[in-house]
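Protein chains in written order, with UniProt numbering: chain A, 1 to 392; chain B, 1 to 392; chain C, 1 to 392; chain D, 1 to 392.
Hints are computed from structural coordinates only; laboratory data are not their basis.
Treat the hints loosely; a few may be bogus.
[Claimed, not checked] Calculated pairs, EDC-like style, for lysine to aspartate or glutamate (alpha carbon to alpha carbon, straight line, at most 16 Å):
1) D:K6 to A:E57
2) A:K5 to D:E57
3) C:K5 to B:D67
4) A:K6 to A:D76
5) B:K5 to C:D174
6) A:K6 to A:D34
Here are the chains, one letter per residue:
There are 4 protein chains.
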Amino acid sequence: MTDRKKTLRVGIVGYSFMGAAHSQAWRTAGRFFDLPLRPEMVVLCGRDATAAEAAAERMGWQEVTTDWRSLVERDDIDVIDICTPGDSHAEIALAALAAGKHVFCEKPLANSVSDAEAMSRAAREAAERGVRSMVGFNYRRVPAAAFARRLVAEGRLGRIHHVRAVYLQDWIVDPEFPLVWRLQREHAGSGALGDLASHIVDLAEYITGDRIAGVSGITETFVKERPIASASSGLAATGGESRGPVTVDDAALFLARTHGGAVGTFEATRFASGRKNAARIEVNGSAGSVSFDVESLNELWFHDHTEDARTGGFRRILVTEPEHPYAGAWWPAGHGLGYEHTFTHEVVDFVRDIADGRDPSPSFADGLRVQRVLDAVERSAADQARWQEIPA
Amino acid sequence: MTDRKKTLRVGIVGYSFMGAAHSQAWRTAGRFFDLPLRPEMVVLCGRDATAAEAAAERMGWQEVTTDWRSLVERDDIDVIDICTPGDSHAEIALAALAAGKHVFCEKPLANSVSDAEAMSRAAREAAERGVRSMVGFNYRRVPAAAFARRLVAEGRLGRIHHVRAVYLQDWIVDPEFPLVWRLQREHAGSGALGDLASHIVDLAEYITGDRIAGVSGITETFVKERPIASASSGLAATGGESRGPVTVDDAALFLARTHGGAVGTFEATRFASGRKNAARIEVNGSAGSVSFDVESLNELWFHDHTEDARTGGFRRILVTEPEHPYAGAWWPAGHGLGYEHTFTHEVVDFVRDIADGRDPSPSFADGLRVQRVLDAVERSAADQARWQEIPA
Amino acid sequence: MTDRKKTLRVGIVGYSFMGAAHSQAWRTAGRFFDLPLRPEMVVLCGRDATAAEAAAERMGWQEVTTDWRSLVERDDIDVIDICTPGDSHAEIALAALAAGKHVFCEKPLANSVSDAEAMSRAAREAAERGVRSMVGFNYRRVPAAAFARRLVAEGRLGRIHHVRAVYLQDWIVDPEFPLVWRLQREHAGSGALGDLASHIVDLAEYITGDRIAGVSGITETFVKERPIASASSGLAATGGESRGPVTVDDAALFLARTHGGAVGTFEATRFASGRKNAARIEVNGSAGSVSFDVESLNELWFHDHTEDARTGGFRRILVTEPEHPYAGAWWPAGHGLGYEHTFTHEVVDFVRDIADGRDPSPSFADGLRVQRVLDAVERSAADQARWQEIPA
Amino acid sequence: MTDRKKTLRVGIVGYSFMGAAHSQAWRTAGRFFDLPLRPEMVVLCGRDATAAEAAAERMGWQEVTTDWRSLVERDDIDVIDICTPGDSHAEIALAALAAGKHVFCEKPLANSVSDAEAMSRAAREAAERGVRSMVGFNYRRVPAAAFARRLVAEGRLGRIHHVRAVYLQDWIVDPEFPLVWRLQREHAGSGALGDLASHIVDLAEYITGDRIAGVSGITETFVKERPIASASSGLAATGGESRGPVTVDDAALFLARTHGGAVGTFEATRFASGRKNAARIEVNGSAGSVSFDVESLNELWFHDHTEDARTGGFRRILVTEPEHPYAGAWWPAGHGLGYEHTFTHEVVDFVRDIADGRDPSPSFADGLRVQRVLDAVERSAADQARWQEIPA
């Protein structure tokens, strides 16, 4: 059996949590969605050859390399998928774009505004040459989130007054949890702010179609020192005897105003005991409200404020109907999706955009804007929570 | 049938929403709780004699007066219960305390810090003469809230990291809703801030046993002008033709730090479409979390972080067991209470404190502290959200 | 202050759980609702004079008697309120009706169909003489339940296909819980069936406006013997050393068909560990569905099947709006009611019906019909679950 | 890159809803779980060659055939995966087992008890020759369901008193929905009973580890005639002009007793407006309870009845921890799975059982037992709901 579609040959850099998620997406996208190009999982790139070999076999990549520079130069590769920690995003993405590869880069776009600016500039220039780039704010592709945006766009919420977003996790409440790379500024850029708040900032802008104009924020590191992990390769590492300083925030909280006149609260933390992956957003407008929680990702709660007072109330919409974004490609109504499907939807849209010569969304410019918000939060936190405008 | 208990003769000032709630409390407290004194509902005071007569008959007060000054001077009255808008709290309370009456004053304690300071000072001096005073943050007396505090006090939450509190209503989303007294600074002092945020500030301090040390905040008035109500006597008034300026906030949002090292987000709004009375608070600690919503006031959600990972999760506790605060006096387990019972519990505790010569809680000093937090939010909002310490 | 309304003088028989609930209702009804007659709480009747004295003082009744027969003969009493266990309902009600007293009788109407038939006949005859009677299925007066009925009556659910009702409690899961009167057939008539299933049978017929035509059922007694309580006067009694047989069902389950063509499942149990007072009913129709749980009694969940598929879903209606049944007399939207308010609503409607010369609902005939359903369940359970038609 | 594992060559019969789900499972299982054999997706079999070609290409099967008989005879095929409607299960499975192929057969096992008996017998004989078979009750492999069983097995629920199970859908509420094969007895065997009730019967026996001993039931067909679909190939067919009789049940309801002494209610319907895929089960025992809903499949609600009364309550466990069944192979805690993962887990266990020479579960004997329960329900429904014992 042969697939006569043109192929899209992919190389992936990184094979940890995000690498596994993206691999499943590349493998699955064409099985449920009609894609104009057929993705081919060609090369997996990792620093440790043995581990990379094992990962490639498990995840289904044909070849392995330990040198991302040579990978981005290969003529037979069309797409570079970047799944490394944030500190290497800029270097890899810039080289890949320069080499004319389409780039799918995990979030946050970069660890600094200057890196993100360079990436956004390079992406804009590459786009003029038909080279596409996308940053991986995957929660946009939860059907419920995409449908929330559509409701706002259709005017069902009216004028937006409030955004209320949190991203709550609890995996480092234990002070003996080790000092993994996500707790080190040099690798992660920031803590809950870049890892978690970036998601809800993007989600807020995506759903409302509005942009954050300014912020006031604070950050906190509850546990200042942690055991140094012998091999800091993951969340599961066990504690050692010596300790090192935690150099990122455990929690970040901020207030915001949007250009459209809404006000918002944002909170990201890894210390909300009992909350595992509670990325939640509620938007209140003059005509209605939506509320969403990643922990229950097949549900969107919608209140129609124009409804009769007797029968008004937040309704639990199972976003699994054929009429809902993405849902029709999968299972019958009520048969829900999971976390990984958000990545499959990213790949679907990215591949279609490449084929159609359209700029994907969220773009590197979107990623830069999120980075500017996070940067403003850090500046505010360092200056008595004073208001910081977000540069246009 | 005669009740041989000593009576506690009560005069109430005001007979609107709060007056009705307090009347039901005075009428009911002794029917379900064993009180050391028997409350007697003697005088209702209101400005409009006819309306006051009707209210007194409906609510069960024996006499009526239109002059609160003479009321507080009466020798046969033991308690003055203040249910008026905030702008008259200070004058009435100060006179009543001076006359040796125990005072139960609705929240917020006052419309300004200086008034609240005077009241707190007077209350402290009166206490030395055996005269008691209490401010009406009634949500403390929701059994679920009282039980949450107990769990914290018992150490079940460990070190507190986060407070996350909102008070969401939606009764003025419609721009044609009229300019009632609650939207006028001269009567209400502030808007959502004093009316709603005061509740969650008190609740946060009550449940955690900790105090807010500083804040950064913003406020917003979404609808700047509203129809002038012909008789601005309530929420149900209909719009007129001329318009006047809304001089209070529609929404107030702030970040906080506590002396104990926790961080918090607070939001109060009358523009959260679909949320009717969602006073919600979640507290996350190193050993557990609690979560509570006044819209479901018989429930407390508790997460025990020391539980095995397999069986951990937020549990829905119906706070209706005999072992729970207040609940044993009422109905069998699972037979819930309503909003009004919080006032009955206030009266129960207030009467017992009077009889036992104990200072009630929340005291006027507690009310002052809340006022200082609100004041700091307004100062921060007026100064680019800059951090404001709360005076001790 | 004098109330110039004509009074309605009430005598109550029984002062335990139901007596307390009814007393609170008589005391409160006129304070929030405009009643055409003023209820006066005159006499409390109980077998033990000392306990009755204490109850009367606590609950606010003026006099006490230990002889219900003399009470029902008193010329100055207008209403007899029966709050005793089911085995004495018939005798007291028949005597009261014969003496021309309006009768408010707790549910279940009686412990046997024959008693219920006699009561229903007497009530019908008394009604011709202007004497009113009502049976106390209080959950009809939860605003959410009354509103559910209204939605059905307005056609918002279309043709009814399904009723799904459970009443789950767990207070006797412990095999050492003592043999209280509710576990003895001679006093209680039956167990979960009469105590709990009676409520959901009435609720199902009330909400749907339809009637059960036939049933198939089973019953079960999980714990066959229990400690004999020294004073079997309540749920809180402690276990003794000798044991006696439990002579009622711990659980009753049945299937039903209605005259209107719907099918239903019903389950009542005192062994659903973790469920405290979960009287739940869901009704599915061709145009919509409603779902309700007494444990969250301010909420009605409504699904509008005519809604666009994209935005369809069960909505959580807070049944606290002025437009909702009963709710407008109480507090602002979102400020919920509790269990006891259902009794207040019963008194309100009963008093209005008396004044207006209208037959109250649920009538004794309604109570009889419920009794016939329960009886048919027991007959079915005794005959291999064979289908039993309900006599008209 | 070569995988040195021995392969397991699979042929699948059917490529509709279940075919797509199984294909995704075969494709994915080895990517997240360490399998002892490497599944190879070799042949897809379908009646329509063109459609089968398209399906094979989309789903990733190497070859296509229209003749299942030749497929099951092929020497190079190890596993036959049966995804056809129930009326062909027996014939295909018997031939495959006779040919020495391992068989994975979708549920329900067969459309009749006699077919199921033959299949169960053949499976038992084949097992003696090392040939394995499994029936596809996929909800057993929801981590929450598997964990519920584990809690019961560990004694955390004590003695089981109650099972309460429903499977609610609403896709044929519209009387104009066409007469698809699922509504025709000759193809589907039964309606909601075989399609939906089979799932909750299996789930009840799986979670409790107990078996249903007898039942009493009723069935109902609300819409007796429906438009004849031009091409009755799926749920999405549109209505035509002529009508034909619906020959299966729209809803089936039954009561049950287990050998272990529990009682249960079961209900399956396609007429529960607003419920999309609500397969729900609650089990109450003397020491605790569990509650589960497929619409929220990452959650298990657990009540520990041995917990202090103050802190007892149903807790929402996100069954996504490494300690939970299956969950550790996927994503970090809180990052949920979807419907399709249940099939992947089936494949994982099936492949491991084949490699380890162990009989898979649920076996064809389990499938037969479910079929006997369904058959007893139909017999009861045809005989006034009279009690029917389930043959051992």
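Right, here's what the structure says about each hint:
As the CA atoms of K6 of chain D and E57 of chain A are separated by approximately 15 Å, the hinted pair is consistent with the 16 Å bound. Of the pairs offered as hints, the one joining K5 of chain A and E57 of chain D holds, with about 11 Å between alpha carbons and a cut-off of 16 Å not exceeded. Distance restraint check for K5 of chain C and D67 of chain B: the Cα-Cα separation of roughly 28 Å exceeds the 16 Å cut-off, and the hinted pair is therefore not satisfied. For a cut-off of 16 Å, the pair hint linking K6 of chain A to D76 of chain A stands: about 13 Å separates their Cα positions.
Distance restraint check for K5 of chain B and D174 of chain C: the Cα-Cα separation of roughly 40 Å exceeds the 16 Å cut-off, and the hinted pair is therefore not satisfied. Taking the CA atoms of K6 of chain A and D34 of chain A, the gap is about 13 Å. The hint holds against a cut of 16 Å.
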